[in-house]
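A.B. asks: Chain by chain, the residues:
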Amino acid sequence: MLNQSFNGGIVIDSPHPVEVVEIILAPLPDKVVLPLQQRIGGEAIPCVSVGDKVLTGQVIAKTDDYFCVPIHASISGTVVIIDDQTIPHKSGLRSKCITIESDGKDQWIEHTGCGVDFLHCDQATMIKYIQASGIVGLGGAGFPAHAKLEGIQDCHTLVINGTECEPGIMCDDALMQHHPRDVIRGVEILLHICGAQRAVIAVEDDKQEALNSLLMHCHDDRISIEQIPTKYTSGAEKLLIKVLLGIEVPSGKFAIDIGVICQNVSTTKAIFDAVVENKPLVSRIVTVTGSGVKSPNNYEVRLGASFEHIVSMANPNTNHHSVRMGGMMMGVDVETTRMPICKITNCIFVNNIETKPNTQECIRCGQCNQVCPVNLLPQQLYWYAKNENTDKAMDYNLADCIECRCCDYVCPSHIPLAEYFSFAKALHRKTTEDQYRTDIARERFEFREYRLERTKQERAKMMAAKKEELKKKMANDKAQKGKIAAAMARVKKTKKVSDDVQ
Amino acid sequence: MLDSVFIFSALALGLGLVLGYAAIKFKVEGNSLVDQIDAILPQTQCGQCNYPGCRPYAEAIASGEAPINQCPPGGQEGVDELAEFLDVETLPLNAENGETQPDHVVYVDEQVCIGCTLCIQACPVDAFVGASKVMTTVIADECTGCDLCIPVCPVDCIHVLEIAPTFSTYVPNMAEIAHA
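Keeping their order, the protein sequence lines are chains A and V. When you line the first sequence up against our numbering, it's residues 5 to 506, in that order. When you line the second sequence up against our numbering, it's residues 5 to 184, in that order.
If you're looking for bench data, these hints aren't it; they were derived computationally from the structure. Remember, predicted model here, so these are calculated numbers, not experimental data. Be aware that one or more of the hints could be misleading.
With a cut-off of at most 25 Å between alpha-carbon atoms, the simulated DMTMM-like pairs for lysine to aspartate or glutamate come out as follows [stated by the list, open to error]:
| hint | chain 1 | residue 1 | chain 2 | residue 2 |
| --- | --- | --- | --- | --- |
| 1 | A | Lys434 | V | Glu180 |
| 2 | A | Lys434 | V | Asp113 |
| 3 | A | Lys434 | V | Glu146 |
| 4 | A | Lys390 | V | Glu85 |
| 5 | A | Lys390 | V | Glu88 |
| 6 | A | Lys460 | V | Glu166 |
| 7 | A | Lys100 | V | Glu33 |
| 8 | A | Lys396 | V | Glu63 |
| 9 | A | Lys429 | V | Glu81 |
| 10 | A | Lys390 | V | Glu33 |
Computed footprint of chain A on chain V; a stretch qualifies when at least three of its residues, placed anywhere within it, have a C-beta under 8 Å from a C-beta of chain A [what the hints assert, rightly or not]:
| hint | stretch |
| --- | --- |
| 11 | 16 to 28 |
| 12 | 61 to 69 |
| 13 | 84 to 98 |
| 14 | 119 to 133 |
Ideal placement from N, C-alpha and C gives every residue a C-beta, glycine not left out.
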């Protein structure tokens, strides 16, 4: 066991522990709703229209954006509608979604990847398969996997994140217990792609079963499996690297800047499927838990199925519930269970409605400072965020806040600190963008004024020059006319003389 | 006694010269008042303040010629900010100058456009692309939403497009956080 760690963080027992971690295959949903908005970038553009028949795994929307992946049909059937629907996001905004009604056959599109002999496949092809299969980080962040792997120069260590990001979630645990072979093969593929010397799979010390099953299938000397203490926020990429390797990723840099690539275990398994079979990502494992369900468990479900589809399988009680996508800490509250399951939906919390304790004034107790895993000063940041003084908050490194809500958890005044931080970050981004636009407008206005002035002056100069030329010409003309007149007079005179002579 | 007087006088003179030289050589060009006022104005360049643009209005404010409440795009917040910066009483926004509109840009209905180029001449930030008798279009990123092009269009083919919040520009509401 490693004894390196980071400051702060909190130990929270799993709120709804289960005896046996299983994966239950959810039945095919009758219809799926697939949002075209992804975590990064704009909306994808549909390449099917209403009424089209689609096969499972068929691309139904794509974009040219490098940070985006295509969207695949997760069942076979008919496209029934393409419209705006609410998707699970804290803003409650609507995104364009494609709705497919199942034909119940689940007919797959043909797909062939590198096959089992994947180690003889070249890296670029593998990365192409990963992008084409729509793989994004399945731990919850949704960062596209191919973007992490492309153009890697010096990567010495590959870190595979097998820690659950939050207490209560067990989808990664279930995956490691039930699909250890795919995970290990996935790690080998990733090692081959990024050229790292070694890979470390991090598993928390309360997941003995997962560790055992991984050990059973791991025969590669380059892959080591490490147990780390179970503490909340050790699942965050930068903190996990610190725990495993003792290296700190500097502020504003990424893991790859220090030669480390980090991928989640579920993503690793999806990469295995993508490379070996070129099989698109059409399903994921979702944990359903909370005080509102009697039998919390993991379900392998098609993307785009509604939350309801699997919540109903976990024996919910008859109370009114509050539903949350993601964990108890960093999750997003959603209005109804009629939301579609997305690639980043790792967990659904269904809780009995409880009254929230009232928020009180900050008493500057400083407990938040002690638990902050990235060594920020939440109480200081709180004052700046509350007063919308985002510049000052940024000076205090607000950008490094991972919004883990450890500070909220310990706050005796129940202040939603992380929400203030998320607000301040968004506000700062907006003001920076507005400032940028304003500066452009000012510059363009000033240049236009300058241009108009310049044109005016140039015209005046040109007119003056023309006038001068005309004057000269006229003077010239006068002289010429004089000469002609003189010549005419001379001619006349000569004529007269000759007439007289005759 | 004389020695010390001499030493200190020399020292004072020497240091004085150094400081004097430094004051000239390393003079920091601070933002002039006009620049600072201009930085607060929204740069819509709409001319609703009765001046031809934001900078001329900033100059007028700086010289005390114009009151601070003539900028509708800046809204009441803008007036308050100006009042705070200039350390004067804030004023309600002057309704005669117009109303504050939500953030928007304009777009050209390209089917209707006749290529008269009047909008190109009216645009204070050169956000139009086009030429005589060809279709004209707006570079949305550079449009400030000043609406100066709308009245000059002879075929009314310029329309307003409100900027709706998207997933990447969404800002949570602080009042909701505070009262949650």
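A.B. asks: Compare the structure with each hint and give your call.
C.D. replies: Evaluated hints:
1. Lys434/A / Glu180/V: holds (19 Å)
2. Lys434/A / Asp113/V: Cα-Cα ~29 Å, so violated.
3. Lys434/A / Glu146/V: holds (16 Å)
4. Lys390/A / Glu85/V: holds (18 Å)
5. Lys390/A / Glu88/V: holds (20 Å)
6. Lys460/A / Glu166/V: The hint is violated at about 36 Å.
7. Lys100/A / Glu33/V: Given pair Lys100/A, Glu33/V is violated - Cα atoms ~51 Å apart, limit 25 Å.
8. Lys396/A / Glu63/V: Outside the cut-off at roughly 30 Å; violated.
9. Lys429/A / Glu81/V: holds (21 Å)
10. Lys390/A / Glu33/V: Not satisfied, since the Cα-Cα distance of roughly 34 Å exceeds 25 Å.
11. 16 to 28: violated (count 0)
12. 61 to 69: violated (count 0)
13. 84 to 98: Since 0 is below three, the answer is violated.
14. 119 to 133: holds (count 4)
The structure does not agree with the numbered hints 2, 6, 7, 8, 10, 11, 12, 13 stated previously, though it agrees with the rest.
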